[in-house]
Amino acid sequence: MRLSLSLLHWLLVLGMPILLVGTINRTKSWWVGRRGPGLLQSAWDLWRLLGKQPVVSTTASPLFRAGAYVVLVGSLLAMSMIPLLGRFAPFQFAYDFVVVAYTLGLARILLMLSAMDVGSSFEGMGAAREAAFSTYAEPALFLLLGTASAATGLSSFADVIGALHGTVHFSLIVVPLVAALLILLQTDAARVPVDDPLTHLELTMIHEVMVLDHSGPELAAMQYAAALKMTLYAGLIAALVNPFDPLVSPLAAVLVSFGVMLTVAVVVGCIESLTARLPMRRVPAYVLLASAAALLSMAIVGFGVGAR
Amino acid sequence: MNALILAVLILMLGAGLCLLPLRNGLRAAMGLASQALATLVACSVIVPVLLGGAEIAWEMPWAYPIGELHFRLDALGAFFLSWSLPMTFLGSVYAVGYLRKYFDGPRHLGVHFALLNMVAVSFLLVYTGEHAVTFLFGWEIAALAAWLLVIWDYSNQKVRFAGFNYLVSTHIGLIFLVAAVMILYTRTGSWFLDDFGDWLRQNPGTLRNTVFLLLVTSFGLKSAFFPFHSWLPRAHAAAPAHVSALMSGVIHKAGLYALVRFLLLSGKPDEWMGWFLIAFSLVSALIGGLYTVGQRDLKRLLGYSSTENVGIAGIGFGIGCLGLSWDVPALVALGFGGGLLHVLNHAFFKCQLFYAAGCVYQVKHVVDLERLGGLFKPMPITALSFLIGGLAISGLPPFNGFASEFMIYAGLFGSHAGHPSVGIWATLSLGLVAAALAFVGAVSALSITRAFGVIFLGTARDSGLPEAQEANRWMLIPMGVHALGTVVLGVVPVLGFALVAGPTALLLHGMPDVVATDMLQATLATLTRIGAISAGLVLAVALVLWLRFGRGAAAVSCNATWGCGYEVPNTRMQYSGASFSTDFAERFRNILVLVKRRKAPVGYFPRDSYVITDCVDAVERRLYSVIGQGDDTASEISQKMQEDDPRFAFSLGLAALVLIAALVLLVEGALP
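Protein chains in written order, with the working numbering: chain A, 1 to 308; chain B, 1 to 672.
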């Protein structure tokens with residue numbers, strides 16, 4: 001059972017990044033009345049990049065090319081502890097969420113250093129923004145986990161997120177928690193209103209501007225890692241709202257998770273179609289909303305348990 | 001004769017030999033040889049104690065009024081000695097490389113090496129002293145030796161100022177320490193730490209709380225906790241690199257040692273002490289972290305990050321305290337174990353970072369971020385070493401900082417596990433602390449990216465500086481040893497925990513033996529898993545890199561960096577340290593005060609125009625302005641009074657006596 005669930009988990013980990021990006025693009029096309037690219041278009045893009053010979057900046061050090069693969073491996077390692085299917089992750093142990101957060105931190109720092117490595121002011125700007133915004137985003141995840149672990153009394157990522165259903169105040173805290181995760185998704189996966197990868201105007205981008213000088217397989221690694229991050233947060237939302245335990249009713253759990261992740265992609269696509277990117281100076285306040293939402297749920301749990 | 005006394009004698013003999021009229025090279029050799037020998041001799045006793053052997057105690061007759069000196073080496077002291085002595089030796093080796101150009105000069109280098117020996121002596125006294133006077137004596141030797149080491153470049157007025165600043169701060173700390181010792185002496189009539197401990201265990205209450213606060217202040221000043229940190233960035237920027245490294249990584253850990261020693265002596269602490277320690281340390285971690293963001297002097301930046309890291313270790317000790325007062329052994333093991341492990345890890349990576357900064361300073365003669373750049377290619381070993389240390393200091397896997405921070409996080413999240421004595425608000429508060437710690441981690445990642453990115457990546461910003469090349473071997477080898485330690489303790493954190501297990505077991509002393517063993521086993525299992533993940537990460541990255549680049553050089557074409565259509569970029573157009581931190585620092589301008597000096601361009605062909613920005617320490621400025629205002633007020637009052645009026649003087653004296661009598665009556669109750 002665990003083995004087949006693990007296989008399914010990895011299938012989702014590897015496939016969902018492609019599918020989520022496809023779904024978002026499809027949704028956006030639908031809003032503007034185009035047919036849009038196929039759902040698997042980003043897979044073909046990555047495949048094309050893998051066959052290309054990279055062009056490397058003369059300024060870059062060896063770190064530049066190695067960095068892309070640290071980012072990819074770090075993101076994959078983090079994904080092995082993320083409960084995509086509900087209360088289950090292939091790699092699960094006490095306080096594994098700290099490992100997830102810090103592995104993603106390693107990936108992020110290598111991404112920023114690769115950007116600084118080419119000595120371009122544009123990429124330095126992207127790195128500075130990424131660094132600043134991540135400091136606002138980081139506490140939100142830990143507040144969320146602190147709330148969930150206090151509410152459930154459990155200690156691994158899959159348990160605290162997956163078992164939150166059984167707690168008394170779930171119906172109250174689910175909304176702020178999902179909102180917090182959605183904001184984190186938009187921040188970490190570079191989506192509107194935090195970042196708009198499609199403008200291709202260097203001054204307004206965050207993530208895309210950091211990989212301006214990457215090309216070929218290294219660019220593919222970076223882009224896939226970015227899509228993995230989106231899968232990570234979409235998967236967390238799915239695990240949070242998924243009412244089925246994958247170890248009891250696997251089929252329902254997998255289907256619900258899959259459906260919720262696609263729904264998240266559609267929601268992200270709708271937000272991107274209907275709103276504009278925020279001005280850069282407003283972004284910190286928006287990211288801090290995630291922490292505020294998590295704090296709210298923390299207060300609900302505190303007063304709820306204290307009242308009983 | 002006891003091996004540790006022998007070690008002290010060897011060190012002092014070596015210090016004496018350093019001062020002889022010999023060639024500078026020979027003097028340095030004497031210093032190094034005596035340190036190596038003393039370290040080996042000392043380790044022959046330290047290692048068995050650390051790995052679970054019996055404690056060693058010995059006495060020495062001494063002159064009146066001290067009478068007899070007592071020493072005792074237990075697991076806690078052995079833990080601190082086990083890395084302090086070898087690291088001091090490595091620092092002395094680095095000193096040979098760092099000061100090499102003075103060897104043929106007229107300057108007497110023996111003093112410097114003798115002082116390094118005295119630092120090692122002070123460790124032996126402080127970490128084994130059982131008599132309060134030996135403890136204070138060792139404390140003072142460390143302070144004076146560190147001061148004299150800091151003012152190596154004493155002809156520079158700024159360096160002298162930094163030195164005095166340090167000297168004054170450390171003695172203010174000493175006053176608090178002496179006050180606490182005096183209180184304990186009046187209560188026990190004894191100078192022995194054991195007797196102090198007995199009294200502290202039996203008399204919880206106001207006086208114990210006072211002693212706790214006095215000691216935390218004193219140890220906070222020693223370890224540069226916020227708001228007692230302002231001497232530290234100055235001293236670290238002024239001192240030679242190896243002195244900064246030893247001060248930050250090794251010498252000032254004595255404050256944390258003394259804190260843990262006090263907690264060990266005083267038995268079961270009150271709950272508020274744990275919360276107080278956590279809050280005090282968290283503020284240090286936050287403010288220290290924030291200050292690293294704005295610095296343009298690399299050594300100042302590293303100095304502030306010391307404040308941040310002692311804060312992180314202090315959070316661990318605070319959790320341990322809570323564990324002791326709640327009787328939750330898991331928290332004791334994770335808190336104290338994690339805190340002590342972080343102290344060890346910090347010693348490894350902080351010295352490494354300072355050594356790298358020293359290598360940069362040796363070739364470039366500046367450590368100003370805005371003038372450096374592109375050093376990765378000419379100095380690959382230094383760059384890699386700085387990168388490893390930087391990733392470790394941000395607590396990122398697969399390096400050692402991650403293992404200790406993981407334990408502290410586990411303590412912060414682990415308070416609820418089935419302990420009815422722990423309320424929901426306590427659990428949630430610790431969750432908040434964890435979130436704040438995550439913020440600190442992200443901030444330190446920001447400032448390390450900034451420091452490494454600006455100094456080592458991109459291209460050189462100032463062509464007027466000397467050509468960069470790799471530093472000499474005397475400097476690279478100590479740095480390499482530290483880097484190796486950082487990696488090994490990251491991939492096999494169990495090794496680090498083997499050193500920490502002894503002192504942690506001491507702190508678990510109040511718990512039943514079975515529980516204590518269980519706890520240590522559980523922590524060991526956790527760390528093994530963390531090590532396995534780190535090792536897996538390293539292997540996976542190595543595999544992917546080999547698959548991509550290993551089989552023959554992959555075809556690559558090189559071209560200039562994409563300039564967005566702009567054809568003639570110059571090196572000053574890179575993102576600078578100030579521009580990198582602006583996005584973030586703008587939100588914290590109350591703390592990160594920006595000082596700007598500028599001369600705007602005038603006319604059609606402006607020649608001389610500039611903008612210079614720097615981030616100054618708001619706390620220090622505030623401190624000085626308060627002291628200045630107080631000084632003004634005092635002199636104003638004294639001008640108004642007629643000092644030579646005897647009636648006034650007598651009445652003041654009477655008032656003081658009445659006040660003292662009232663205080664005595666208040667504390668002691670009515671006289672019999």
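Do not take every clue at face value.
Unchecked claim - To spell it out: a stretch of chain A is covered by chain B in this simulated footprint if at least three of its residues, at any positions, have a beta carbon under 8 Å from a beta carbon of chain B; those stretches are:
id	stretch
1	101-111
2	149-162
3	191-197
4	208-222
5	254-262
6	269-277
Derived by calculation from the structure, the hints in this document are not laboratory data. Only a predicted model underlies this, so the values are computations on that prediction, with no experimental measurement involved. Each residue gets a CB set at the ideal place from its N, CA and C atoms; glycine is no exception.
Now the hints, each set against the structure:
no.: 1; hint: 101-111; verdict: holds (count 7)
no.: 2; hint: 149-162; verdict: holds (count 4)
no.: 3; hint: 191-197; verdict: violated (count 0)
no.: 4; hint: 208-222; verdict: holds (count 3)
no.: 5; hint: 254-262; verdict: violated (count 0)
no.: 6; hint: 269-277; verdict: violated (count 0)
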